[in-house]
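Residue numbers (this note's numbering), protein chains in the order written: chain A, 1 to 302; chain B, 303 to 722.
Any given hint might turn out to be false.
[Said to hold, decoys possible] List of simulated lysine to aspartate or glutamate pairs, EDC-like, C-alpha gap at most 16 Å:
(1) B/K328 x A/D250
(2) B/K354 x A/E42
(3) B/K651 x A/D112
(4) A/K68 x A/E129
(5) B/K707 x A/E42
(6) B/K310 x B/D392
(7) A/K144 x B/D392
(8) B/K661 x B/E698
(9) B/K651 x A/D175
(10) B/K498 x A/E226
(11) A/K84 x A/D112
(12) A/K302 x B/E698
(13) B/K532 x A/E129
(14) B/K328 x A/E19
(15) A/K176 x B/E650
(16) B/K651 x A/E245
(17) A/K68 x B/D422
(18) A/K90 x A/E129
[Unchecked claim] Covered stretches of chain B, as calculated for chain A (at least 3 residues, CB under 8 Å):
(19) 378–391
(20) 474–483
(21) 559–565
(22) 569–583
(23) 589–600
(24) 659–670
No wet-lab data here; the hints were simulated from the structure.
Glycine residues also receive a C-beta, built at the ideal position from the N, C-alpha and C atoms.
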Amino acid sequence: MIFSELYSAYYNTVARLVEQILQGNATNDVVHKTICDNAFEESVVSILHAIREERWQVITKDYRTPLKHVPTMPLTTLQRRWLKSILGDKRIRLFDVHVDGLDDVEPLFCDDYRIYDSCSDGDNYDDPEYVARFRLILHALYNKLPLKAEMVNRNGKPVFVVFVPQRIEYSAKDDKFRVITSGPRYAATLNVGRITRCRLYNGSLNTSVATHQPRRVVVKLLVKDERNALERTMLHFAHFEKQVERVNEDTYRLAIWYDSEDQSEMVVRVLSFGPLVEVVEPTEFRQQIVQRLKKQLSCGLK
Amino acid sequence: MAYSELIKNFEKIRAYMREFYVYGFKSREDYDGKSLRSYDDERRRMESWLGKHMRFVRTPEGKSMFISIDSRTSNHNPLYNALKAKSFTDGDITLHFALFDVLHDDSIALTLPQIMEAIDTEYLSHFDSPMLFDESTLRKKLKEYVAEGIVVCKKVGKRMVYSRAPDVACSNLADALDFYSEVAPCGVVGSFLHDKQGSHSEAFVFKHHYITSAIDSQVLCMLLVAMQSKSIVSVQNLSRKDNEPRRARIVPLRVLVSVQNGRQYLVGYEPDFNSIRSFRIDYLSNVKVEEPWPTFDQLRQRLDEMQQHMWGVGCHHNLSKSQRLEHVEFVIRVEEGEDYIVRRLYREKRIGRVEQIDKSTYKFVADVYESSELMPWIRSFVCRLVQLNFSNRTLENRLKRDVKKMYAMYGVEGGEDNDI
């Protein structure tokens, strides 16, 4: 069903090649680039070979085609059902999507699928003002326009920021969107949910604009493979760039690269593995664990 | 057989991809039970599909290949490429493009011989050695495409005529596809739709983004299909204990997904044991949707009730017996200016309740199927744990021992004597 040649990189590539031929653009360079852009690293060899041998009777060896139309394929039932499902998701209202022709289609999933461990204070997608602000941010991002936003800071006081949105980041764990910004004074990541008002900024950004530059740092851990800790650790940290090596029969050394802004979160995540994961370096990270353990000592837990 | 970067069966590569992505420390010789040639072929395929994401490291044990992806920096899940590498025959691709060129508009309706005639005369004749298709091959292809929903057939008089399925009118879909192809179940389907759209500038990146489940999309899709038709499935389940797959019959009730480790579980009813339990989807394969199950709605309702006491996915419950729950309580100390810790309790608790005991202490209380599932969360409050009270004393003692071991591990003085 999902694993079908209908969705394959090769079928897509051939469709693009035919399109180039029908538009009269099929030079050797264009053909080569089209394959590289749409298929895999080694595909150039196999696709060109098939064309030269005229094994796929869609494109001749001298880059002509008997097809008369740019290739298109209707949506499969699977694609329709998936689309119907996402149209039922509350976040869809963030996007100004219009789809017609799915009235008689059964969704692929509704209440059949649940995330059980996301935080309960996610963004409020039912709020029309949130939706309007989100769409404005997206519009400004694509058009590189500055925005002026009012936010509530940690002390509950209003603050104003001027920024140009660079990216919108979503965390499924927090169920929140954040906007990664550049700005006249500093670059920051702002929670969309904390923005209370937002409008296009008419003033000029005449100072140099700072851009968001994440600083990647590494933490090195020793993982003791008891209680299935190796698998749990590797899955838990799977979304980071990481490297693991075996130290001995049941111990593994794991290096994880993460954004330095997330260190507090990383400390909590490492702590959740208890004595099965030990921080080796950097010392500063290890010290944070030590400090927490010292504080625990004073809690009088019996 | 000559090497090809395309594959016919996804199951074999699925196992390799999990090993390379989740672990990535094994050398070629560690893949026991698999031939070295097979290992080399699969590794080469992954290198072709994943490019820069395939890495290697040399250790005294040999060269270890692994997949390393910082998913926060990728707009799209690179593992989807593996699901776009299905092999096909020369006849498949030729018929596909010729057929949709003949049926280029949904108002065109032709009989099988008419399509055959058009393909022969208008397409294949352009080649020096034209392919020959018989009617049964074309009929089979049309039947396959009718099942996929891309061709429709209807009887006109005594003749069956075929046309392309009417298209779905979509606008402004690009951003939604960028987003949902990464966060929705079977997101790879969104990626297939994205491929049809062509490139555009991208706005979204993703944090805490687990991409491993991509390789389980086929299994997940079949389970979702089964649940929509309220049907039982037969499935191969790899047992972790004996490492052998066993065939199981399960009424799938709900898929539960963790956004804190990326695991996907099926919670289902096993008629053979009259019990509801969870199964890891990455251990399932070869799903076959069978007949509708008459008590599906009641079982789903039962699961809804059970979920009031499920911290995670632990729920093994024999429906012939009464439900046994475990009690979990813990108290934490919160200092002045640490309101964010209290907020953490509320935002991270999935079930149960939080009670304020006094100005600086808060208690969490829940009755659950598996108290062990709360251990990682409770450990994340180390530095403020004041009291534990579990009905499962073994587990409570283990948690206390864990803290004690951490004192020793980090050389925290006095831990052995003064605490716990």
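Results for each hint:
Our distance criterion of 16 Å between C-alpha atoms is met by B/K328 and A/D250, whose separation comes to about 14 Å. For the given pair, B/K354 sits about 13 Å from A/E42 by alpha-carbon distance, which is consistent with the 16 Å threshold. A threshold of 16 Å between alpha carbons decides the hint, and for B/K651 with A/D112 the separation of about 22 Å lies outside it, so the pair is violated. Note on A/K68 and A/E129: the hinted pairing is violated, with a Cα-Cα distance of about 48 Å set against a maximum of 16 Å.
Proposed proximity of B/K707 and A/E42 is contradicted: the alpha carbons are some 51 Å apart, above 16 Å. Between B/K310 and B/D392 the alpha-carbon distance is near 14 Å, which keeps this suggested pair within the 16 Å criterion. For the hint linking A/K144 to B/D392, the alpha-carbon distance of about 47 Å lies beyond 16 Å, and the restraint is violated. Proximity of B/K661 to B/E698 is assessed by CA-CA distance (about 26 Å); at most 16 Å being required, the pair is judged violated.
At most 16 Å may separate the alpha-carbon atoms for a hinted pair to count; B/K651 and A/D175 meet this at roughly 15 Å. Distance restraint check for B/K498 and A/E226: the Cα-Cα separation of roughly 47 Å exceeds the 16 Å cut-off, and the hinted pair is therefore not satisfied. Straight-line distance between C-alpha atoms of A/K84 and A/D112 comes to about 14 Å, which keeps the hinted pair within the 16 Å bound. Distance restraint check for A/K302 and B/E698: the Cα-Cα separation of roughly 11 Å lies within the 16 Å cut-off, and the hinted pair is therefore satisfied.
Taking the CA atoms of B/K532 and A/E129, the gap is near 39 Å; set against the 16 Å cutoff, the hint is violated. For the hint linking B/K328 to A/E19, the alpha-carbon distance of about 44 Å lies beyond 16 Å, and the restraint is violated. About 14 Å separates the Cα atoms of A/K176 and B/E650, which keeps this hinted pair within 16 Å; it holds. Proposed proximity of B/K651 and A/E245 is contradicted: the alpha carbons are some 35 Å apart, above 16 Å.
For the given pair, A/K68 sits about 15 Å from B/D422 by alpha-carbon distance, which is consistent with the 16 Å threshold. At most 16 Å may separate the alpha-carbon atoms for a hinted pair to count; A/K90 and A/E129 meet this at roughly 15 Å. Counting residues of the stretch 378–391 of chain B whose CB lies closer than 8 Å to any CB of chain A gives 7, so the stated coverage by that chain holds, three being the minimum. Check result for the stretch 474–483 of chain B against chain A: holds, 6 residues qualifying (beta carbon to beta carbon below 8 Å, three or more required).
Taking a C-beta to C-beta cut-off of 8 Å, the stretch 559–565 of chain B contributes 7 residues in contact with chain A, enough for the three needed, and the coverage statement holds. Look at the stretch 569–583 of chain B against chain A: 0 of its residues bring a Cβ nearer than 8 Å to a Cβ of that chain, fewer than three, so the hint is violated. Three residues within the 8 Å Cβ limit are the bar, and the stretch 589–600 of chain B against chain A gives 0, so the coverage statement is violated. For the stretch 659–670 of chain B, the stated coverage by chain A is not satisfied: 0 residues place a CB nearer than 8 Å to a CB of that chain, which falls below the threshold of 3.
Going down the numbered hints, you'll see the structure goes against 3, 4, 5, 7, 8, 10, 13, 14, 16, 22, 23, 24, while the others check out.
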